[in-house]
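Colleague: Residues per chain, in single letters:
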Amino acid sequence: MSMQKMRKPLGAAGVHAILGAYTVLALWPIFLVIANSFKERKAIFRDPLALPTIDSFSLIGFEKVLGKSSFGLYLFNSLSVTLITLAIVLLIGAMAAWALSEYKFKGNTLLSIYMAIGIMVPIRLGSVSILQLIVDLDLTNTRTALVLVYVAQSLPLAIFILSEFMRQIPGDLKEAARCDGISEYGIFFHIILPLVRPAIATVGVFTMVPIWNDLWFPLILAPSPETATITLGVQQFIGQYVTDWNSVLASLTMAILPVLIIYLIFSRQLIRGITSGAVK
Amino acid sequence: MSSIRLNNVKKAYGATEVIHGVDLDISEGEFVVFVGPSGCGKSTLLRLISGLEDITDGDLYIGDERVNDYRPKERGIAMVFQSYALYPHMTVYKNMAFGLKLGKTDKAEIDRRVRETAKILQLDKLLDRRPSELSGGQRQRVAIGRAIVRQPKVFLFDEPLSNLDAALRVQTRIEIANLHEELKTTIIYVTHDQVEAMTLADKIVVLNGGNVEQVGAPLELYNSPRNLFVAGFIGSPSMNFIKGEITLISDTGVTVTAGGGSAVTLPLKPGKATVGEAVTIGVRPEHMNEGADGDFHLTGRVDVVERLGDVSYVYFHLPDTERLTMSVPFTSAAKKGEAIAVSAASADIHLFDEQGQALERLP
Ligand SMILES: Nc1ncnc2c1ncn2[C@@H]1O[C@H](COP(=O)(O)OP(=O)(O)OP(=O)(O)O)[C@@H](O)[C@H]1O
Ligand SMILES: [Mg+2]
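Read top to bottom, the protein sequences are chains B and X.
Taking our numbering, I'd label the letters of the first sequence as residues 1 to 280.
Taking our numbering, I'd label the letters of the second sequence as residues 1 to 363.
Chain B on its own, in the form it takes in the complex (with noise of 0.2 Å):
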C-alpha cells in the first residue's frame, strides 16, 4: 500500500518505461557480442546490428576457439580461481562480520574503520607494490597469486554488507540459542548464516563479477599460457593489426555462460521474507 504510494508521482508505468530502457542499454551489448559471435566475419563488419541470417550464419568462430586454442585451460583458470576466492571471502568474510558485528572487543571499531578504508581505496594503487610481494614470495604467474589479491580485494565490502546484516538479526535469537546450550560457532553456522543466506548471494554476486572480468592482476601477475584466465586469453585474437573478431566474440560469448550459472544459482537465494515469523 504506502509503496504505492510512495510510486504515486510517476506510476507505474514510468518506473516499467524507465527500468525498460535501463535493461535494454545493458543488454545490448552482450546483444551484439553473442549475435555476432554467431556470423561470418564479412557479415559482422557489414552490418554489424543485423541478426545472423542462413547465409551469413557460421560457427567458425566457435570451431577456431575450441579446436586451436587453449580454451578449456583458460576457462578452467578463471573458473577455479573465481571460485576458490568466492568460497575464501564467503567464509572468512562471513565470520569476520559475525565477529565484528557481535562481540564487543578492544579495537573493534578500529579494526572496522581499517575495513572501510578498504573498500575506499582501489586495490589497483597498490599493483607496484603487490607485484613487489608476489615476487618476493615466488607466487608470480601462480593461481594462488590471484586468489590471494583477489580475497584482499574482495573481503573489505564482504564484511561490511554482511556485518551491517548480521546486525539486523534479533538479539534474542542469538540468546535464545545460547541458553539452548548452542556453542558460539553452532549460532554461527545453523543460525546466523542460513538468515543471511540473501545477504550471502548478493556478495557472492558482487564478489564474483569483477573477478570473472579483471584483466589488470592477470595481466601482470601471472601472464604465463598455463595461468591465463578467459579475459587474458582473449587477448591473443586481438592483434596490432588483425583482430580475429569471429574467436573473440565467440569466446566472449561462452565466457558469460559460467557466469550466468553461477548468478543463477545465487539469484534464487535472494528469496526474500525468509525472516518473517521469527520474532513477532
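Every clue listed holds true.
Derived SDA-like pairs: lysine to any residue, alpha-carbon spacing no greater than 25 Å straight-line:
{"no.": "1", "chain 1": "X", "residue 1": "Lys104", "chain 2": "X", "residue 2": "Lys153"}
{"no.": "2", "chain 1": "X", "residue 1": "Lys107", "chain 2": "B", "residue 2": "Arg178"}
{"no.": "3", "chain 1": "X", "residue 1": "Lys104", "chain 2": "B", "residue 2": "Asp172"}
{"no.": "4", "chain 1": "B", "residue 1": "Lys174", "chain 2": "X", "residue 2": "Arg130"}
{"no.": "5", "chain 1": "B", "residue 1": "Lys106", "chain 2": "B", "residue 2": "Ser183"}
{"no.": "6", "chain 1": "X", "residue 1": "Lys272", "chain 2": "X", "residue 2": "Val212"}
{"no.": "7", "chain 1": "B", "residue 1": "Lys174", "chain 2": "X", "residue 2": "Gly76"}
{"no.": "8", "chain 1": "X", "residue 1": "Lys73", "chain 2": "B", "residue 2": "Arg167"}
{"no.": "9", "chain 1": "X", "residue 1": "Lys73", "chain 2": "B", "residue 2": "Ser183"}
{"no.": "10", "chain 1": "X", "residue 1": "Lys101", "chain 2": "B", "residue 2": "Glu175"}
{"no.": "11", "chain 1": "X", "residue 1": "Lys73", "chain 2": "B", "residue 2": "Ser101"}
{"no.": "12", "chain 1": "B", "residue 1": "Lys104", "chain 2": "X", "residue 2": "Tyr13"}
{"no.": "13", "chain 1": "B", "residue 1": "Lys174", "chain 2": "X", "residue 2": "Leu102"}
{"no.": "14", "chain 1": "B", "residue 1": "Lys174", "chain 2": "X", "residue 2": "Leu164"}
{"no.": "15", "chain 1": "B", "residue 1": "Lys174", "chain 2": "X", "residue 2": "Lys73"}
{"no.": "16", "chain 1": "X", "residue 1": "Lys184", "chain 2": "X", "residue 2": "Asp64"}
{"no.": "17", "chain 1": "B", "residue 1": "Lys174", "chain 2": "X", "residue 2": "Ser135"}
{"no.": "18", "chain 1": "B", "residue 1": "Lys174", "chain 2": "X", "residue 2": "Thr56"}
{"no.": "19", "chain 1": "B", "residue 1": "Lys174", "chain 2": "X", "residue 2": "Ile55"}
{"no.": "20", "chain 1": "B", "residue 1": "Lys174", "chain 2": "X", "residue 2": "Lys94"}
{"no.": "21", "chain 1": "B", "residue 1": "Lys64", "chain 2": "B", "residue 2": "Thr253"}
What follows is a set of in silico ranges between Cβ atoms, one per label pair, in the way DEER data are often shown:
{"no.": "22", "chain 1": "X", "residue 1": "Ala278", "chain 2": "B", "residue 2": "Ile113", "range": "58 to 64 Å"}
{"no.": "23", "chain 1": "B", "residue 1": "Leu111", "chain 2": "X", "residue 2": "Ser27", "range": "45 to 51 Å"}
{"no.": "24", "chain 1": "B", "residue 1": "Arg197", "chain 2": "X", "residue 2": "Gln151", "range": "31 to 37 Å"}
{"no.": "25", "chain 1": "B", "residue 1": "Tyr103", "chain 2": "X", "residue 2": "Ser27", "range": "35 to 41 Å"}
{"no.": "26", "chain 1": "X", "residue 1": "Ala12", "chain 2": "B", "residue 2": "Asn108", "range": "19 to 25 Å"}
{"no.": "27", "chain 1": "X", "residue 1": "His20", "chain 2": "B", "residue 2": "Gln168", "range": "30 to 36 Å"}
{"no.": "28", "chain 1": "X", "residue 1": "Gln151", "chain 2": "B", "residue 2": "Val121", "range": "53 to 59 Å"}
{"no.": "29", "chain 1": "X", "residue 1": "Gly39", "chain 2": "B", "residue 2": "Leu131", "range": "58 to 64 Å"}
{"no.": "30", "chain 1": "B", "residue 1": "Phe189", "chain 2": "X", "residue 2": "Arg115", "range": "22 to 28 Å"}
{"no.": "31", "chain 1": "X", "residue 1": "His20", "chain 2": "B", "residue 2": "Val209", "range": "53 to 59 Å"}
{"no.": "32", "chain 1": "X", "residue 1": "Asp69", "chain 2": "B", "residue 2": "Leu111", "range": "25 to 31 Å"}
{"no.": "33", "chain 1": "X", "residue 1": "Gln151", "chain 2": "B", "residue 2": "Val15", "range": "51 to 57 Å"}
{"no.": "34", "chain 1": "X", "residue 1": "Gln151", "chain 2": "B", "residue 2": "Phe206", "range": "41 to 47 Å"}
{"no.": "35", "chain 1": "B", "residue 1": "Tyr103", "chain 2": "X", "residue 2": "Lys125", "range": "36 to 42 Å"}
No lab work stands behind these hints, which were simulated from the structure alone.
No experiment lies behind these values; they were computed from the predicted model shown.
Just so it is clear, CB atoms sit at the ideal spot from N, CA and C, and this is done for glycine as well.
Place chain X with the ligands on chain B using the hints.
Modeller: Coordinates of chain X with the ligands only, in the frame set by chain B:
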C-alpha cells in the same frame, strides 16, 4: 528442579548501577513472579540469573553451586522470550530438537521428548510448520516447548504473554499454571500484568528502581503491603491514598484524621510514628462502600461512573481535591456531579508513615 539464591547481587552498565544489591531465596519448585514498573530491572535480573549478562557483584547459587562464572548452557536454565525468538528457518520439530541435537542427545530420545512435549502443548499437528505459518499463541507454545524438552532445572520467562490478545493470554496463563503443576520445576516469571502475578505466583517479588521492595505470597502483598510503593502497585484499580495526620496514639491503635475531617482509630502498632505526624491513609477501591456503615467516613462529589457490568467504578473527589476510586456493585445509583458519602471498615485501612513505610497491625 533447583533452588536459587541471590546474595547481594548487583549489576552496573559502565558507571550506572541498575540492580542495587538484591537478596532473594527461591525454593525448589517454586513459581516466582517478578513485577515492577517499566525499567525497574526485571529483565536485567532475569538475564543475570540466566547468564546472558555478567553479574557485577554478589553471588548467585543454583542448587548448591555458585554459578556466577557459568555460561547459560552450564546453568541448566531454559528461557522463554517475549518475542518468542523461534528459529525462523526451522520447522516446529527442529526448533524444539535443535538444542538437544547439537548437544549430542540420542536421536530416539530427542524424538520421544519432542513428541511428548508437542502432545502436552497440543502442537503435534504443527510439527512440520515453520514459525511464520503459526499464530502468535502457537508460536508462544513452541517457545515454551523448546524450553521444556531441554528438561532444565529452572524455567525463566520474560513477559511471555504480552504479545497475545486478552483471551489467548488467559488461556495460555492457565496452561502455564497447569504445566508448573505437572513439571514442578522452579519457574521465574517476569510480568507487569497484575493478574498474571496474582494468579500464577507462589511468591511475588516487587521490584522498583533496581531494589526489591517486598517479597511475599500474592495475598500477603495484597493484605499487608510493606510500603506505599507496593500498596500502590499491587491491586487493580490501585489503592487510594488520602493525606492525614495522627491525632492520638493509644492501646487500641492509632487515631488519624483525614483532610476531610473524619477521624478513625485503626488497630495498628504505632512503631516510630508520633502524634502530629503527617501520614498517608490507604484504602482499596473494593473496600469502600456507599453509605455510612463503616468506621471511616468521607464525603465527596462524583466525577465519573464507569459501568463494567458486574461492577461499577465510581471516580470522585474530596473537597480538598484528592481524587479517589471506589468499586461498587452494579446496582449503585451513583451519578455524575452528585454528592456521595463513602465509608470503609477500619480493619481494611492501611496507614503509612512519613517515610512511606506501613504501620504493622496489632495482633
Ligand atoms: N545494555 C544496557 N546498557 C545500559 N543500560 C541498560 C542496558 N540494559 C538495560 N539497561 C537499563 O537497566 C534498567 C532496567 O532495564 P530492564 O530491561 O531490566 O527493565 P524492565 O524492568 O525489564 O522493564 P520493562 O518492563 O520495560 O521490560 C533500565 O533503566 C535500562 O535503561
Ligand atoms: Mg523487560
